[in-house]
Amino acid sequence: MITATNITKKFGRVTAVSGVSFELADGASLALWGSNGAGKTTLIRCLLGVCRFKGRASIGGVDVRRRGRHARALVGYVPQELAFHDDVRLASAMAFFAGLRRASPARAAQSLAAVGLTGHERKRVRDLSGGMKQRLALAIALLSDPPLIVLDEPTSNLDAAGRGEVVHTLRALKQAGKTLIFASHRPDEVIALADRVLVLERGRIERDTTPAELWPTEKPVQVVRLHLALAREEDAADALRRAGHAVHLNGEGLCVAVARDRKAEPISTLARHRIEVRDIEVLDDVQIPGVTS
Amino acid sequence: MTTLASSAITASDGSPGRATTPSRSFVGGIAAFARREFRDAIASRWFLLYTVAFTVLAVGVSFLSLSGVGSHGFAGFGRTAAGLLNLVMLVVPLMALTAGAGAIAGERERGTLIYLLAQPVSRTQLILGKYAGLAAALVCSLCIGFGVSAAVLAWRTGGVGITAFAMLVAFTAMLALAMLSVGVLISVVSRRSAVATGIALFVWLTLVFVSDLGLMASSILFRLRVQEIFGLAIVNPMQSFKMAVIVNMNASLDVLGPVGAYASFTLGRALPWVLAATVAAWAVLPLLLATVLFARRNSP
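These protein sequence lines map, in sequence, to chains X and F.
The numbering of the first sequence is the working numbering, which starts it at 1 and goes up by one.
The numbering of the second sequence is the working numbering, which starts it at 1 and goes up by one.
Okay, chain F solo, but in the shape it has when bound (with noise of 0.2 Å):
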């Protein structure tokens, strides 16, 4: 300790008490809150399970499918794809909300968000930071899942429709990006990590569960025309995946009724673009709003 005053507290230019270092440029800080994100995530007991449960499922959704047609080399990849699409759907938003979730609040209860805010860096480095490291923890988590899967299927089946199953890979990042931002959105919002967690699950059986039968019901109630049904199933980011996914596995969407035929029809080549800007605009606006509240926020 006696030693401070004559090292450490002495400026490099050899002047007492100046400061020789500004701060981080905007991108320098949110790349080091990302790097200390992603690295606290991978390390996290949340990250070890989802990945192990997600990779163990998709090899488990693997070998369902290859049994369906006697692994004797066709079609591996697109089946398997369509079989993975479902459990994508349940176990990636679950995922990514509750990551979110526990990006801004947790740091907040355990009181190290005043901490950090009391360093050189803004709020928005901050927050863009947590994101892209639990965004980066979530596609590393994926890519493992999938990646399993699709060593197994290359073993059994060859490249068979990998195209489908890259397409899924593709859409299935965009997809927890898309609820990562909702989840940090949440996590903005909210006091208490627990709170935050609880909304994160909310919403996830919203979108899962409850906004499918939410719509059927309205369509019924309402007589809602086709156009309108299409327009509100695409609100939910989703059906919005869902869609894309089966569009890009060269399928018709007719499998999805009136609403599907008319998707097509109306939308035609524009359509995997139109679902994949709504995924997006899912990942671009909870974050954009969740920015600008934690900046205008009236305390840490």
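Looking at chain X on its own, in the form it has when it is part of the complex (with noise of 0.2 Å):
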């Protein structure tokens, strides 16, 4: 579905994607993970053709730099939270939609209530919730109903409820056949959905991997957010993933999946490297699909 040949992207002096290449089969799915800055968002970006990039990319082989408007049709995009203009009813969004991706207005009908949005055609997107404003991207990006779905972060702005609906939304349209690739901060997301995960670190594939060999063990995971003083976030973050950690830092503290019974070892590991942790917070449970707890 997908074959990404030596992504490069530029901002200036600053290299956001270097050399990222992989394939992707029909019906795969794909996490992208990495820390902020990683390169996930930009990735993405290039691989919808809506930068320019020097490498190639093309999707069901449509090269997505010489026709990226009909390498598009193939795709459904989801954004971290949906851009549109806050004045636009939620129904006005769906027929512009409708009409990019030349879909039937009973079929943005039938989107809209297969996400749960039916009668709420009359409100204004500024009215909705950020679940709703998500669930309303899914259902744009649905529309001409594209065999490759593209997430960047779809949970990041959503309660744990919001989480799980999306969530299993996701995984319905992989059972359906769907392709999916989607950027994720959340190690239970990319348990649950992905098939295959590719770390990303500066811009560079550090791992081409699977959930379960990047949290290697059998019993359930557990995110741990950990607190410590901001100028040392870096360090700290570094020092784990060199201890074989999976980190992720969101601006609110510093979160490592770990083994429910091997909480307390990331602080080990930082104490050796003499980084305080003033605060220690346990987030949500996580399941390895597979295994029970």
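These aren't lab readings, by the way, just hints derived from the structure by calculation.
Wrong hints could be hidden among the right ones.
Residues from chain X that face chain F, not an exhaustive set, calculated with beta carbons under 10 Å [claimed, not checked]:
1) Ile44
2) Leu48
3) Glu81
4) Ala83
5) His85
6) Arg204
7) Ile205
8) Trp215
Now the in silico label distances, taken between C-beta atoms and shown as ranges [claimed, not checked]:
9) Val27(F) - Ser104(X): 13 to 23 Å
10) Arg13(X) - Val292(F): 41 to 51 Å
11) Leu49(F) - Ser104(X): 54 to 64 Å
These figures come from a predicted structure and were not determined experimentally.
Note that beta-carbon positions come from the ideal geometry of N, C-alpha and C, so glycine has one too.
Put the two chains together into one complex; each comes in its own frame, and the hints tell you how they fit.
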């Protein structure tokens, strides 16, 4: 479905994505994993052909750079947060995107119904909650029934219930044969949805792996958020990564995926690097598919 | 939500995960953006404000023109067209430049541009569609203003001089398209919409006030010849517009002094066409440049 060859994207002197190559088969799902600034969003934008880059990318055999419009017809894109004019009514937004994607009004209504937004057509976009906006974005992405769904941190602005709904929907899409590429900061999402994980760091692929290899445990994994002095967060993230942990910096602390019975391990690692942990917070439980807790 | 897997994601041929609809045709994509832009524009405050202001001013000028001739039914449209000329030169470029300036920069600032570009459309379709939608909205706004003014004139004076008035409307529409084109170009090169609006206002001031003064100063300082002054004058679309309207009112360009006389003498019957072509070039060339620059941008 997707072939990416040596994708490189620079912003001035800063290299956001450097020599990224991978292939993804029809019906597979790929997670882009990495800390903020690792290049996930930029890589997604390159794959969508919305920014200029070096290298080659094709979707369904269609060259993204040369025939971007046709390549994007095969993609439904769900951004981190739906960016649309706030004054527009939901029905009007759907009609506009249905027009762009050559979807019939009946199909638009079906998509809205499918994400549970029927009855909200008269609401303006600004009156929708974060979860509803995300569902609207998903409805728009599915308008023309594209074979590939690309999602950029689709649950980052949602509460636990909203996240659960979106993950549930994406699993249904995957089971229906859609190819998924998504950027995520959440191990639970990656474990639930991805067949493969590309770990990006400073724009490069650090590892091309699977969720089970990335979090090698047969016990349920938990995410712990460590609160540190802001100035030491980058050092701490580096130290933990070198120790083999999956780490995510999201501006509200350092999130680390650990086995349930090894929650203190990141603290010990940081203590060895003389980095003080001020507080620790245990986040949601996560389940590895096929492994009972 | 649970129905999604069984309904929304199954292709119309029943096979999962296969695209069944290609991207829109090139013109279809432009039309989709144009429709949305038109709807957004006519629902916006700026459209309402400009339309009301232009209509009130146009009707006001019409009444003033009538009071000057005693409303005895002669030359109403012609005199009003002359009166409206200065109003048009002030208001219409401001409307068009600011509308164009927000077109791309506003989307970029709101973060909506990346989402639009992620759809099966090209950058060229997006920019041309936005231009077409805004152009339609602007022309509608002008038609309302001129239409109300024309209704007042027709009621008070009959149809005398209506051709000159119609030509004023046509040339005003061309000027609006030209200034909109410049506004869109400004929008493409500006990261923020406030910056784009600021540049648009600066361009408006330059075209409306500074260029005239600059031309006068240059002609004195550099002792420019009359043909050079004419050449420099028609580079400014406002001056081309003004001369074109005056010529089409069957008036002599002698009112513009030696430069006008030179233009009339040298170009003769071709003069209106040259002036119209100059304004048209301002509608086409900046838009073309904006389209090329937008298509070549490194990022959204």
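Going down the list of hints, with the structure as the test:
no., hint, result
1, Ile44, "9 Å, holds"
2, Leu48, "5 Å, holds"
3, Glu81, "8 Å, holds"
4, Ala83, "4 Å, holds"
5, His85, "7 Å, holds"
6, Arg204, "20 Å, violated"
7, Ile205, "22 Å, violated"
8, Trp215, "27 Å, violated"
9, Val27(F) - Ser104(X): 13 to 23 Å, "19 Å, holds"
10, Arg13(X) - Val292(F): 41 to 51 Å, "25 Å, violated"
11, Leu49(F) - Ser104(X): 54 to 64 Å, "37 Å, violated"
Hints 6, 7, 8, 10, 11, counting from the list given before, are not met by this structure.
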